[in-house]
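Visitor: What follows is each chain in one-letter form.
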Amino acid sequence: MPLLEIANLIKAYPSPEGGTHTVVDVPEFSLGEARQVGLRGESGSGKTTFLNLIAGILKPDSGHIFIDGKAMSDLGEPERDRLRATTIGYIFQTFNLLQGFTCLENVLLGMSFGPGADRDFATALLKRVGLESRLNHYPRQLSTGQQQRVAVARALANRPKLVLADEPTGNLDPRNSRESLQLIREACRENGAALLLVSHDQPVLDQFEDVHALHDVNRAALQPGEAGA
Amino acid sequence: MTLFRIVFKSLRQHLLSTAVTALSLALAVGLLMTVWVVKEQSHATFTNVTAGFDAVLGARGSKLQLVLNAIFHLEASPGNIRWSDYQFIRKNRAVQLAVPLAVGDNYRGYRLVGTETSLFNHAYDGDKTYEVLPGGRIFEDGYKEAVVGSFAARRLGLKVGDKFNPYHGLIFDEEARHADVYIVVGVLKPTNTPADRVIWIPIQGLQTMAGHDPKAATDVSAVLVKLRAPTAGFMLDQMYNKQGDKMTFAFPIGAVMSQLFDKIGWFDKVLEAVAYLVALVAIGSILASIYNSMNERRRDIAIMRALGARRATVFSAVVLEAGAIASLGVLIGFAFYAVIMSMAANLIRQQTGAVLEPFVWHKVMLWAPLGMIALGALAGVVPAFKAYRTHVAEHLAPVS
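Protein sequence lines correspond, in order, to chains C and B. Counting from 149, one number per residue, gives the positions in the first sequence under the numbering used here. Counting from 28, one number per residue, gives the positions in the second sequence under the numbering used here.
It should be emphasised that the hints constitute simulated quantities derived from the structure, not laboratory data. Do not take every clue at face value.
Below, in silico cross-link-like pairs of lysine-lysine (DSSO-like), each with a Cα-Cα straight-line distance of 30 angstroms or less [stated by the list, open to error]:
| id | chain 1 | residue 1 | chain 2 | residue 2 |
| --- | --- | --- | --- | --- |
| 1 | B | 66 | B | 216 |
| 2 | B | 66 | B | 296 |
| 3 | B | 171 | B | 216 |
| 4 | B | 216 | B | 190 |
| 5 | C | 207 | B | 413 |
| 6 | C | 275 | B | 36 |
Here are some chain C residues pointing at chain B (derived, C-beta under 7 angstroms) [said to hold, decoys possible]:
| id | residue |
| --- | --- |
| 7 | 200 |
| 8 | 248 |
| 9 | 262 |
| 10 | 266 |
Backbone N, C-alpha and C fix where the C-beta goes; we use that ideal spot for every residue, glycine too.
Using the sequences and the hints, build the whole thing.
Guide: Encoded structure:
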């Protein structure tokens with residue numbers, strides 16, 4: 149059974165003109181354990197909403213999401229929170245580090261809502277991403293690339309089976325982008341986590357063996373070249 | 028990373044508002060405790076200070092004024108009674124001891140009280156009697172000698188062997204200096220009673236001070252009365268207050284003083300109301316400071332929720348933070364209380380001689396802090412609810 153399985157997933161928002169605007173319409177999608185898949189998505193293709201639905205941050209209007217055999221869409225909010233805290237790692241485009249917490253504390257925080265804080269593992273993760281000398285630095289004291297690496301360490305802190313990455317290199321220069329992507333992929337591989345990465349950046353996607361166009365997966369996504377894309 | 032650590036981090040991140048809010052709460056806690064302790068201790072102190080006597084006999088007038096004048100050495104005397112009236116009550120079989128007092132002079136604002144040496148052999152509180160510091164003695168009747176209360180001696184810098192000229196009246200007026208010269212023969216050990224604020228001289232000295240009306244040379248301002256049995260007080264009350272119309276018999280002293288607190292009860296209520304109001308404002312400031320910072324916190328909350336924190340967790344964190352600010356305020360509040368109460372106690376002692384104990388346990392020291400912490404945490408519920416309802420997906424992007 150795949151680690152992630154999606155069937156007939158629909159999410160719509162009220163549109164300014166009245167009525168609703170469907171953002172996500174995924175008839176089916178799956179991802180096997182420890183697989184790494186890239187999704188190519190332009191702005192407005194609903195990629196963040198798609199990932200938020202998988203993470204349980206948003207609740208779909210209809211359809212099913214199965215993660216590790218559990219039907220996410222049937223779970224109540226506390227159970228979804230729990231599943232997210234224990235099974236999913238999330239890397240955001242803007243990193244979303246807590247500015248009042250040090251690097252180590254940001255990673256520990258990622259653990260504390262799940263399996264519990266493990267200082268040694270958090271330190272090992274930060275060492276793995278090359279930040280052993282920055283454990284007690286605050287995000288504002290780090291470069292953008294370093295902040296991104298903290299976000300990677302945090303996403304892996306709860307030993308997730310699935311890592312979601314939403315334009316993880318969107319704020320990095322090409323060199324940092326390449327290094328960072330390599331780090332994410334290696335770290336996921338080392339930790340046995342599957343990776344689902346969405347990006348509009350072709351050089352990033354070129355590094356994946358398995359790449360899908362989001363509009364092939366999400367029927368609601370605009371085709372490339374469509375107005376407003 | 029525990030919830031407490033998250034709360035601690037948030038407090039540190041909002042250090043200025045945390046400090047200001049905690050200080051306003053500290054002021055409220057300090058004020059609340061001070062108002063209650065002053066109110067209850069002063070009530071207890073003023074109704075228990077009797078100088079070891081059961082009643083005061085004086086000129087017809089207010090019992091309260093008579094007690095304030097004779098026991099607390101405050102207020103003016105309501106008038107004089109004749110020496111024969113003193114002799115008459117002294118010889119009453121129900122009376123164990125009667126000590127005459129005469130007032131009307133001061134030395135630099137500290138009043139001179141004329142009395143007899145029998146006062147100093149009498150226990151002023153339980154079995155405590157007046158004692159003079161080493162090197163001194165009690166004055167001798169008929170001599171221009173003075174025994175100075177400990178507080179007055181300290182404030183005036185008087186010591187054994189010093190000489191001084193009394194001033195006429197109860198309020199210091201440099202123009203009203205008497206020609207008589209008195210010598211200090213003793214300084215009393217502290218009694219923590221109004222007697223500490225008084226300069227004691229022989230009663231004849233005060234009665235016959237140069238410049239006083241010769242016709243009043245044998246009058247006394249009041250007579251302190253110790254009864255053989257308290258029940259006799261009701262008989263004397265009947266005799267002086269109901270059947271007679273020339274003198275007032277203030278009995279029992281504690282009950283008379285209670286009248287004072289009945290009269291100023293409204294003032295207590297005003298003080299209480301002000302203290303409650305300050306507490307309310309402080310609680311409101313907790314609510315306002317956290318609530319106003321919610322917009323900037325929403326992203327942090329959304330991040331924590333995205334990492335798996337439950338709504339209940341972020342709700343608890345905000346309530347705990349409010350409770351922590353209140354707890355910090357309470358801790359500082361005890362320091363504020365110590366300062367405010369010590370100043371109040373010092374002022375009350377200077378003005379009345381009554382001694383309040385700032386550091387004696389009082390139940391307000393439990394209910395005021397606990398109440399403020401509970402209310403502080405409760406004030407956190409409103410912003411906590413805002414945190415609870417934070418839409419995660421909407422707030423994950425940076426606010427720009």
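Visitor: Grab the minimum C-beta distance from residue 200 (chain C) to chain B and call the hint holds if it beats 7 angstroms, violated otherwise.
Guide: holds (5 angstroms)
Visitor: Please work out if residue 275 (chain C) and residue 36 (chain B) have their alpha carbons no farther apart than 30 angstroms.
Guide: holds (24 angstroms)
Visitor: Taking 7 angstroms as the limit, does the beta-carbon of residue 266 (chain C) come near enough to a beta-carbon in chain B?
Guide: violated (11 angstroms)
Visitor: Compare the distance between the alpha carbons of residue 66 (chain B) and residue 296 (chain B) with 30 angstroms, and conclude whether the hinted pair is satisfied.
Guide: holds (10 angstroms)
Visitor: Are the Cα positions of residue 207 (chain C) and residue 413 (chain B) separated by 30 angstroms at most?
Guide: holds (20 angstroms)
Visitor: Verify the interface restraint on residue 262 (chain C): the C-beta must sit less than 7 angstroms from at least one C-beta of chain B.
Guide: Because about 6 angstroms separates residue 262 (chain C) from the closest Cβ in chain B, which is inside the 7 angstroms limit, the hint holds.
Visitor: Does residue 248 (chain C) hold up as a contact with chain B if the rule is Cβ-Cβ below 7 angstroms?
Guide: Where the cut-off is 7 angstroms and the nearest Cβ of chain B is about 4 angstroms from residue 248 (chain C), the hint holds.
Visitor: Checking one constraint from the list: CA of residue 66 (chain B) to CA of residue 216 (chain B), max 30 angstroms. Satisfied?
Guide: holds (27 angstroms)
Visitor: Under the criterion that the straight-line Cα-Cα distance not exceed 30 angstroms, is the pair residue 216 (chain B), residue 190 (chain B) satisfied?
Guide: holds (20 angstroms)
Visitor: Going straight from one Cα to the other, do residue 171 (chain B) and residue 216 (chain B) come out at no more than 30 angstroms?
Guide: holds (21 angstroms)
Comparing the model with each earlier hint shows a violation of hint 10 alone; every other hint is respected.
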